[in-house]
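**Q** Just so you know, the protein sequences line up as chains F and V, in that order. Residues in the first sequence are numbered from 1 upward in steps of one, following the numbering used here. Residues in the second sequence are numbered from 1 upward in steps of one, following the numbering used here.
Quick caveat, the hints were computed from the structure, so don't treat them as lab data. Check the hints yourself; a few may be wrong.
Since the list gives no way to pick one copy over another, a pair counts as held whenever it fits inside one copy or between any two copies.
[Said to hold, decoys possible] Each computed DSS-like pair below joins lysine-lysine, with the alpha-carbon atoms no more than 30 Å apart: (1) Lys35 x Lys508; (2) Lys17 x Lys508; (3) Lys508 x Lys583; (4) Lys580 x Lys684; (5) Lys355 x Lys390; (6) Lys508 x Lys580; (7) Lys63 x Lys508; (8) Lys606 x Lys63; (9) Lys329 x Lys43; (10) Lys353 x Lys151; (11) Lys288 x Lys206; (12) Lys63 x Lys176; (13) Lys205 x Lys353; (14) Lys606 x Lys684; (15) Lys267 x Lys43; (16) Lys514 x Lys63; (17) Lys209 x Lys176; (18) Lys583 x Lys514; (19) Lys149 x Lys371; (20) Lys63 x Lys580; (21) Lys63 x Lys267; (22) Lys524 x Lys390; (23) Lys353 x Lys43; (24) Lys206 x Lys226; (25) Lys559 x Lys390; (26) Lys355 x Lys606; (27) Lys316 x Lys267.
2 protein chains.
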Amino acid sequence: MPTDVFTQQQGPDAVIKYQHNLMPVPAHVEFYDGKVQLTDSLKVVATQYTDARLQAGLDRFLKRLQGRTGFTFTQNLTVNTASATIEIRCSKPGDTIPALDEDESYELDISLSTVLLTAPTVVGALRGLETVLQLVSSSRDGYYFPVVKVKDQPRFRWRGLLIDIGRHYEPPEVLKRNLDAMAAVKLNVFHWHLTEDQGFRIESKKFPKLHQMGSDGLFYTQEQAKEIIEYARQRGIRVVPEFDIPGHSTSWLVGHPELGSAAGPYKIERQAGIFEPALDPTREDVYKFLDVFLGEMAALFPDAYMHIGGDENEGKQWDRNPNIQAFMKEKGIPNNHALQAYFNQRLLKILEKHKKKMIGWDEILQPELPKNAVIHSWRGTAALADAAKKGYDGILSNGYYIDLSYPTSQHYVVDPIPADTTLTAEEQKHILGGEATMWGEYVSPETIDSRIWPRTAAIAERLWSPRTTTDIDDMYRRLSNLSVQLEELGLTHERNVDVLLRRLANSKDIESLKLLVSLVEPVKEYRRGEQRPSTMLSPLTGFVDAARPDSESARRLRKAVDDFLSDAPRFQLRASDLEKTFKEWRDSEPALTALIDRSMALHEVKPLAIDVHNLSDAGLEALQFITSGQTPPLEWSQAKSALLNEAAKPKGAVELVVVTSVRQLVTAAAELPQLKTMSSTEWKKHVSAMASGPTK
Amino acid sequence: MPTDVFTQQQGPDAVIKYQHNLMPVPAHVEFYDGKVQLTDSLKVVATQYTDARLQAGLDRFLKRLQGRTGFTFTQNLTVNTASATIEIRCSKPGDTIPALDEDESYELDISLSTVLLTAPTVVGALRGLETVLQLVSSSRDGYYFPVVKVKDQPRFRWRGLLIDIGRHYEPPEVLKRNLDAMAAVKLNVFHWHLTEDQGFRIESKKFPKLHQMGSDGLFYTQEQAKEIIEYARQRGIRVVPEFDIPGHSTSWLVGHPELGSAAGPYKIERQAGIFEPALDPTREDVYKFLDVFLGEMAALFPDAYMHIGGDENEGKQWDRNPNIQAFMKEKGIPNNHALQAYFNQRLLKILEKHKKKMIGWDEILQPELPKNAVIHSWRGTAALADAAKKGYDGILSNGYYIDLSYPTSQHYVVDPIPADTTLTAEEQKHILGGEATMWGEYVSPETIDSRIWPRTAAIAERLWSPRTTTDIDDMYRRLSNLSVQLEELGLTHERNVDVLLRRLANSKDIESLKLLVSLVEPVKEYRRGEQRPSTMLSPLTGFVDAARPDSESARRLRKAVDDFLSDAPRFQLRASDLEKTFKEWRDSEPALTALIDRSMALHEVKPLAIDVHNLSDAGLEALQFITSGQTPPLEWSQAKSALLNEAAKPKGAVELVVVTSVRQLVTAAAELPQLKTMSSTEWKKHVSAMASGPTK
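Produce the entire structure from the sequences given, and follow the hints as far as they go.
**A** Listed below in structure tokens is the structure:
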């Protein structure tokens, strides 16, 4: 989509309407008439405070700007010169270690004569530079900035992305490019989920058996961890490490079975799910171990917070261990929840000793939990509000589980402080923000970017922008633009789709397969595991891995069908677009069949090809009935409905998300006589109801 | 292209013709009737010698096989089991440090009951595993291996790829994925061109100003170098470092101007070209420096060889330096060549002291050069043969300059020992092999893979396979198949084309741009610099960077036009294909124009869009004349010829390589009356002559 300036004839000082591509939307932004040309003589100057971090940020800024424009800027970065084009006025460095209370605000004033970016800290300046990059516009005449005033700061202080590298390891370069993308959308916390049943992924010099025996050799050295932490710091991003205990700890026990609540030996877990192994909370040795280990990690990870997980421990090992049962009886600990609370209190003391604040999942919220712990909620805003009322800080992840393959719009409407909150202004301060969670059951270095991006940018906007930023269509428009820009940071969410399809087809001629993959999405929630059983050692190179959440084609089709049906009784609007689309589906069939017939790896795609064939027939026939005003025979409607029900069933862990729109057309055709009697309001209401079918 | 088994009815023991995808083609290979099914119960067993390197190789092998097939293999790697499917019989580890005389041979025997891979060394076994991976075939019924016997070893011992990271730095992950690709096509020498006028890219602990001041911070730490060397060793690949002296050394002199032949200060060179700065060969301090520095590097790089460059020193600084002139007079050194020979002899002593053999470019071959030096020839096979006759070992790079954007076929026909060689069998032993050279003037991490791959695979085949392997069509068929397989190693030669186009268009809708880019190639030789001036700091994100050498579309069109014209006087064959192609070009114009109008970065593409419009018109009209038997008016031929001449001119450093084929059609239409009188032999000869036009 091009960026158009809607120049209004109101004189140079009047605020104009301008379709911008900013994401997240700034707190305050006003556009004015006029453009500032961007040429290769651009100069960027930091006129007040500057340091290595800001200079490196300016260097990255210029490289990205060069890459997009093709310009070779003639300047070297300079401080104090008269001929500035972009002037950065930064007051101070900001926190040495990125912190929760970092001032990330900035102001941007682009006038016809200067581009002025003002920020109290280097981090604020970095945030502002991302805004400047998003304002660069292109026309046939060249590149320009619009005249604009921005006054911006985040709504929430904690805006995170969790990456679970326990279930599937991701090499440092994957984390780095994701940190770059985080910075581009102003996220500020990388939550590094470092240990899981399926992998212990950080080097421990104190207890090397942890990573040596618990990781299949796929772990981060402490040097690598330091490099990632510094990479994040350069971008004003905190790194919060998570060591998930007492459950989710199988991989710890492979090298150290003595920490477990049952006799070993233990093996690295290869399945997805919730498992029994848990640390033994009754033995002093376990706390001594944790003191040394977490002390080592506290020195390695400079952030003020340490995440101790604490989720999904069902306590089955505890129930079966007579020593643990005796301990509970002796101490008067009534149940496993209370036992975990006891564990957490011991843990809290250890963290306090090592100068870290504790953060853990909902489950840690037990009566005895001290008020300086932070609740990370997978349960939801209600749980978070409860915690806030009790005086606990909290962050939200419920609603931001990007691994579940839901559309962006669904995450976008989730607000850590919903409009109908009952929290007082004071209590609301306890809601620090939220985190998108990239759980790692089904992601590889090749596919993870496409599970995180671009959807996470909408969550980033929810956490940064004013509550009132809620226009979903506009969000999708800006998201599509941003998605291309993220590629300049090395993100593979777009490019790797074709790579996976070429491998499946063992061929470069994959147009028909690209069409098919654009019509599907991976199944939602955790249904993939049921549909297509696999282990953590299975390849992630199937059709479902090429498929992506939130199909753009499905969204476009939905819009076209809505337009078409709303154009009753003429039924002209978009009719030819729809016909073209369905014919394109139909025409792709021979090529698709040829590919499937040559490749065993595409076998699971065959039923989908048949479904698409049936959908295109149904769509074309329904169009024909509707536009000609003919009512189809009952048998037709019944037959099509049966085919649609079949097409709506997931296959190979993907679902044809375009079924809904075709169903609308088929239903509209069948109900044409009665629809003709409706008012336009009734009609529209009815049309949107038609989308839901009997099976889903 | 699917792999088809041409089953011949000759009983199970008969050799059959089989269209395989092996690249390089083995020394001996025979296919037999029958297939061996590949299932997820595959087991791979090393029954004799094994070690960590072989086990890691088997692990990579299984992961790639899983990725392609979607199988989760149930086994863990095992030694000694009865239920083997693939048995590896390896005798010994091979050289601890990969060496010139490593035994890389292997035998592969796939029968209906077993897959047996026998190799004297682990390196041989690794080479064989790549062959096994290339033999995996797919059909609708599943995956299988053909029944086959392979007895394989390389024709040449030195099969290299030079990557110049001096002019543009490439991060370690780029080198790693290229090492993986090298292993896939059985290359065994990574020539690491570490220093250039534009960058000194290896950490020196002895002289840190070298990398600190000579690299813009873009250098490899010694730890990173060790990691790359080990990564290569794991794949049986030698790492030969190059320190290019006495010329090409500007970056050394930024931190150490005292080594230069003129007074400093020096700045890192930002242009492409040949530059004057050179080390001063007359000063003892320079040799002391080199002794310490090369000693440090000799300890870091374990290979037996060290490359000292020695090329393109024009000696202008020497001519102007009175001290150097006095030194030459005193020592009776007649000219700069002799002075460089003196330098090399001093250098040779230093290398000998540090137990390294010297290798350098042609220029080092001076009368006094000791016989244990190796000549690396950019000049050609004649120079190499001369050196061999004088008793020098040599390797060839002339003809393998992949940075010049020539088609694969042109590199493929270059043989280090041409068929008409005058060398005796004994002298031929001096020809060790060759190296593809990826000079770095115009490559970035985003584009370098597309400049190296897939073309380098054909050079790898030339250096490994028998001299008689020369079928160009078959080479292209196999190359296209291999190209997709290389992507599984993370190579970006395919995927990044779209990335660059999306960035240029700032949009995901780039079909018209993809069509255009498929019709062009970057200009050949070093003409890019003239056409589109840039520095080493310029972005490499233009249309020319998305364009790739050796257009597949142009090759297909050429074939179609040849078929069509050879079908005289009917002119039916491929006529509709050609019409479809030209119409597709024509129909892409509106979308292309819209993209160009929205993006300044696409401005340079505009004239190409006009050319394609003219080419499609000319093609369609010529087809019409020829198929209808009508002779076009003279004005038509003249007008079209003028348009073709315009279209043949490079624009924005790319050229429309399809012009040749359209010219053939236009000329054929114009000459139709006289062509009709020719015999079919004359006709064919004439048709191929028609391709060359007046301007090129």
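**Q** It remains to establish, for every hint, whether it holds in the given structure.
**A** Here's how the hints hold up against the structure:
1. Lys35 x Lys508: Answer is between: at 26 Å across copies they meet the 30 Å cutoff, but 43 Å inside does not.
2. Lys17 x Lys508: between (45 Å within a copy, 25 Å between copies)
3. Lys508 x Lys583: Both: 23 Å inside a copy, 22 Å across copies.
4. Lys580 x Lys684: Within one copy only: 24 Å inside, 43 Å across.
5. Lys355 x Lys390: Answer is within: at 23 Å inside a copy they meet the 30 Å cutoff, but 73 Å across does not.
6. Lys508 x Lys580: both (25 Å within a copy, 20 Å between copies)
7. Lys63 x Lys508: Between copies, since 22 Å is at most 30 Å while 32 Å is not.
8. Lys606 x Lys63: between (45 Å within a copy, 25 Å between copies)
9. Lys329 x Lys43: Result: close neither inside a copy nor across copies, 72 Å intra and 51 Å inter.
10. Lys353 x Lys151: neither (41 Å within a copy, 66 Å between copies)
11. Lys288 x Lys206: within (12 Å within a copy, 44 Å between copies)
12. Lys63 x Lys176: both (17 Å within a copy, 24 Å between copies)
13. Lys205 x Lys353: within (20 Å within a copy, 40 Å between copies)
14. Lys606 x Lys684: neither (36 Å within a copy, 45 Å between copies)
15. Lys267 x Lys43: So Lys267 and Lys43 pass the 30 Å test across copies only (21 Å; inside, 58 Å).
16. Lys514 x Lys63: Between copies, since 25 Å is at most 30 Å while 32 Å is not.
17. Lys209 x Lys176: both (27 Å within a copy, 28 Å between copies)
18. Lys583 x Lys514: Classified as both: same-chain Cα gap 16 Å, cross-chain 23 Å, threshold 30 Å.
19. Lys149 x Lys371: Result: close neither inside a copy nor across copies, 41 Å intra and 72 Å inter.
20. Lys63 x Lys580: neither (42 Å within a copy, 42 Å between copies)
21. Lys63 x Lys267: For Lys63 and Lys267, the Cα distance is within 30 Å only across copies (21 Å; inside one copy 47 Å).
22. Lys524 x Lys390: Neither, since 34 Å and 72 Å both go past 30 Å.
23. Lys353 x Lys43: Answer is neither; intra-copy 49 Å and inter-copy 51 Å both fail.
24. Lys206 x Lys226: The answer is both: 17 Å in one copy and 26 Å across copies each meet 30 Å.
25. Lys559 x Lys390: Neither: 45 Å inside a chain and 77 Å across chains, both beyond 30 Å.
26. Lys355 x Lys606: The answer is neither: 58 Å in one copy and 62 Å across copies each exceed 30 Å.
27. Lys316 x Lys267: within (18 Å within a copy, 68 Å between copies)
The structure shown violates the earlier hints numbered 9, 10, 14, 19, 20, 22, 23, 25, 26.
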